[in-house]
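*Asks:* These are the residues of each chain, in order.
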Amino acid sequence: MADELVKILDGNTFVVSDSRGDIEASLDDPTGLFTFDTRFLSRWILTIDGHRLNALSTDDLQYFEARFFLVPGTGTVYIDAKMSVIRQRAVGDGFSETISIINHDEKPVDVSVRLEAGCDFADLFEVKDKLEKKGKYYTRVDGNQLVLGYERDTYRRETAISAGDGAHIDEHGITYDVTIPPKGEWSTHLKVVTSMVGLGELRSSTKNGRSDRRARPNMERDLDKWLADAPRLECDWPSLHRTYHRSLVDLAALRFSPVTEGRHSLPAAGLPWFMTIFGRDSIFTSLQALPFAPELAAKTLHVLGGRQGTRVDDFRDEDPGRILHEMRYGEMTAFEERPHSPYFGCADATPLYVVLLDEYERWTGDTKLVRELEFEARAALNWIDEYADLMGNGYISYKRRNEETGLENQCWKDSWDSISNHAGEIPGFPRATCELQGYAYDAKMRGARLARDIWHDPEFAEKLEKDAAALKRRFNRDFWVEDGEYFALALDPDGKQVDALASNVGHLLWSGIVDKSKARAIARHLMSPRLFSGWGVRTLAEGEGRFNPIGYHVGTVWPFDNSFIAWGLRRYGFKDEAATIAAGILDAATFFDGRLPEAFGGYDRTETKYPVQYPTSCSPQAWSTGAPLLLLSTMLGLQPSGEHLVVDPALPQQIGRIELLDIPGRWGRVDAFGRGRVDVAKKTTKRRRPAASA
Amino acid sequence: MNTLERFIGEISAEPQPLLANTSGTLLFEIRDDNETVFALVTVDKGRVGVEEVPAPRDADATIRADRALVDAIAAGRANAMAAVLRGEMGVEGDSELLMDFQRIFPGPDDPR
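So the sequence lines, in the order shown, correspond to chains A and B. To convert, note that position 299 of the first sequence is 323 in my numbering; the numbers rise steadily by one, no gaps. To convert, note that position 75 of the second sequence is 250 in my numbering; the numbers rise steadily by one, no gaps.
Hints are not guaranteed to be accurate.
Unchecked claim - Keeping only pairs whose Cα atoms sit at most 25 Å apart, straight-line, the calculated DSS-like set for lysine-lysine is:
1. Lys-706/A <-> Lys-220/B
2. Lys-707/A <-> Lys-540/A
3. Lys-490/A <-> Lys-540/A
4. Lys-220/B <-> Lys-323/A
5. Lys-323/A <-> Lys-249/A
6. Lys-706/A <-> Lys-540/A
Think of the hints as simulated: they come from the structure by calculation, not from any bench.
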């Protein structure tokens with residue numbers, strides 16, 4: 025009965041079970057209770073008189089809470105309806121669970137209720153890569169507690185399960201032998217608490233503290249406040265409403281406080297593999313959410329600035345000024361079998377850090393933070409020239425120094441085969457992908473504004489602008505594929521063009537590095553049937569050597585990618601094209617009940633009629649959750665201008681009337697209104713393909 | 176003089192830009208064979224100082240570890256975050272302060 029998985033989460037603690045609430049994890053599947061990249065419960069099975077239960081229904085009450093309605097009976101035919109079982113579970117610092125059994129009969133009933141518990145303490149990396157453990161397990165019965173533990177040298181992790189009164193505890197679980205009166209009810213409360221033993225107060229902290237009964241009202245209040253603080257959306261299209269609400273709730277769920285950053289919470293990347301800080305993901309998500317929840321950006325800037333690289337460390341691919349790629353807390357990181365403490369192998373987060381700082385100030389007017397982070401922003405700008413130009417040609421390129429466990433592709437398309445030429449050949453290293461140059465250009469331009477207006481350093485501003493202008497000139501010459509009229513995906517180690525056509529050209533529009541004269545050709549490519557599927561822009565164009573509509577970065581459609589492409593189209597004045605992309609992605613969201621997955625298949629919309637979810641994609645995922653937000657603000661043409669918010673809507677027809685009320689910013693709160701007028705069917709070029717013969 | 180104290184002594188003359196937004200006290204309880212040394216580090220918006228104190232005292236963060244590990248971290252041969260996750264270095268109190276502070280140490284592959 026491994027049907028639909030039920031996931032509840034809070035920050036980086038999450039529980040994934042089957043629809044009965046049971047957990048029965050094998051090494052390589054990501055079910056169980058996880059916190060800080062470690063599985064703290066891999067077995068959690070409820071039986072009554074030795075029999076498993078059947079699920080009637082499941083309620084996801086809140087993102088952090090679920091309720092399972094169950095009945096006894098082993099067969100699929102006979103269900104004993106004389107008893108109902110309700111399991112209610114809330115995640116917190118671990119989780120708490122209440123089990124209630126209702127006797128519908130007119131006679132009393134004796135039952136033996138048992139919860140079997142066990143844990144493999146797997147590091148998520150081990151789950152992902154199917155690796156074996158190196159330490160020792162132990163179990164201990166401690167009063168009314170069952171303690172499961174794991175130890176390797178000084179490394180210890182424990183799960184303590186506290187049972188209610190009347191429990192018999194053994195090393196494999198907890199049993200209650202109870203008599204339930206006629207028409208009566210019995211219930212018990214269990215608490216599962218995780219700990220990283222020996223770390224003193226450095227323990228798993230969620231946004232709202234411990235998983236005791238107090239935590240729940242706090243979490244509800246926190247979510248209510250989060251939703252109340254966000255702008256209110258009124259519109260004629262009900263599914264957009266649902267998508268908007270879903271996005272806000274999921275973003276709230278994905279916020280977490282890194283173990284050592286008690287004061288700040290920022291978005292984790294995505295469930296189940298990436299419930300941790302990612303430099304790139306946190307920055308992109310904060311940019312998407314700026315008009316809705318600007319405090320996310322402030323926290324991201326704080327935390328990433330505080331963890332910015334300061335030294336040269338080849339194992340971690342760290343350099344001074346570099347913004348981290350990924351932080352992990354599991355056993356393999358602890359023993360330096362993985363470099364994620366943190367790992368810095370990422371070439372885009374550093375320029376994007378400066379982009380976010382500037383965009384944040386434009387929206388909020390928070391010059392104090394910009395002054396506070398001046399050192400970090402300058403170090404990031406310095407990294408671009410001093411450490412990232414591996415080929416000495418004035419372009420950011422990447423090549424890992426940790427050749428064993430470092431990342432090969434240090435751009436957002438980080439799978440092994442994501443960067444290839446038209447023939448499908450994969451270039452050597454270093455690689456200079458095109459969007460990195462766009463981000464560098466944008467970082468320099470924005471850095472110049474901050475230097476002039478806020479740091480009062482006009483000389484530095486001038487130098488940055490001069491560098492940016494030179495970069496733009498070089499880029500438009502070196503990356504431009506003359507006969508195809510687009511920008512090459514990358515330059516190889518010899519400076520030769522890696523000439524595949526990919527969605528990266530959309531990010532170039534966003535960065536502003538594209539010469540005006542070349543922008544129309546890029547917009548045309550983005551809306552052409554080779555790239556635009558009808559739902560969105562594919563990561564790689566049809567007809568490229570490695571194109572595959574279900575290839576992770578070589579043909580699927582990524583909602584996050586599309587939200588920035590739409591922003592880029594707007595930046596160059598292609599309003600209707602941006603609206604077309606927004607309409608496609610928001611249409612797709614309705615098929616996922618408002619929760620866009622990380623990626624979906626790049627099949628033509630007319631072929632599949634619905635978007636096909638990529639098999640192992642993460643959901644919810646922060647930057648997919650942020651995509652509808654950025655699409656909304658892009659369609660409405662929201663743009664800060666001095667102390668004002670400019671609204672310049674260009675909306676697809678099907679949206680009808682739309683109002684976004686109480687948009688926060690340096691202007692206080694303002695409203696935006698619009699009406700759908702763009703006929704999106706006109707903006708895509710029709711596919712010409714021979715008619716199928718019978 | 177040990178590596179941690181010597182390192183801090185050397186940088187205490189100049190304000191450290193990496194710690195410009197950081198203030199607080201860190202008590203290092205350093206075990207060395209059979210004695211424990213208490214080194215109290217003060218960070219005040221970039222100014223860093225260290226003094227040996229005779230007995231433990233209140234600090235924003237208290238850090239417990241062996242001398243060999245502390246010196247390896249101060250010399251850039253070991254990583255503080257991994258040591259904390261491993262349980263080889265214990266932290267009580269404001270662990271973020273330790274994470275901020277350890278950034279001033281050199282890296283294993285810094286040009287020397």
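*Asks:* Assess, step by step, whether the Cα of Lys-706/A is no farther than 25 Å from the Cα of Lys-220/B, and give holds or violated.
*Replies:* Between Lys-706/A and Lys-220/B the Cα gap is close to 59 Å, so the pair fails against 25 Å, i.e. violated.
*Asks:* Tell me if the straight-line CA distance from Lys-706/A to Lys-540/A falls inside 25 Å.
*Replies:* Roughly 23 Å separates the two Cα atoms, so the pair holds.
*Asks:* Is the Cα-Cα distance between Lys-490/A and Lys-540/A 25 Å or less?
*Replies:* holds, 18 Å
*Asks:* Regarding the pair Lys-220/B and Lys-323/A, is the alpha-carbon distance no greater than 25 Å?
*Replies:* Holds, at roughly 20 Å.
*Asks:* Taking only the CA atoms, is the gap from Lys-707/A to Lys-540/A under or equal to 25 Å?
*Replies:* It holds: about 20 Å lies between the C-alpha atoms, which stays within 25 Å.
*Asks:* Are the Cα positions of Lys-323/A and Lys-249/A separated by 25 Å at most?
*Replies:* holds, 17 Å
Violation of the numbered hints given earlier is confined to hint 1; every other hint is satisfied by the structure.
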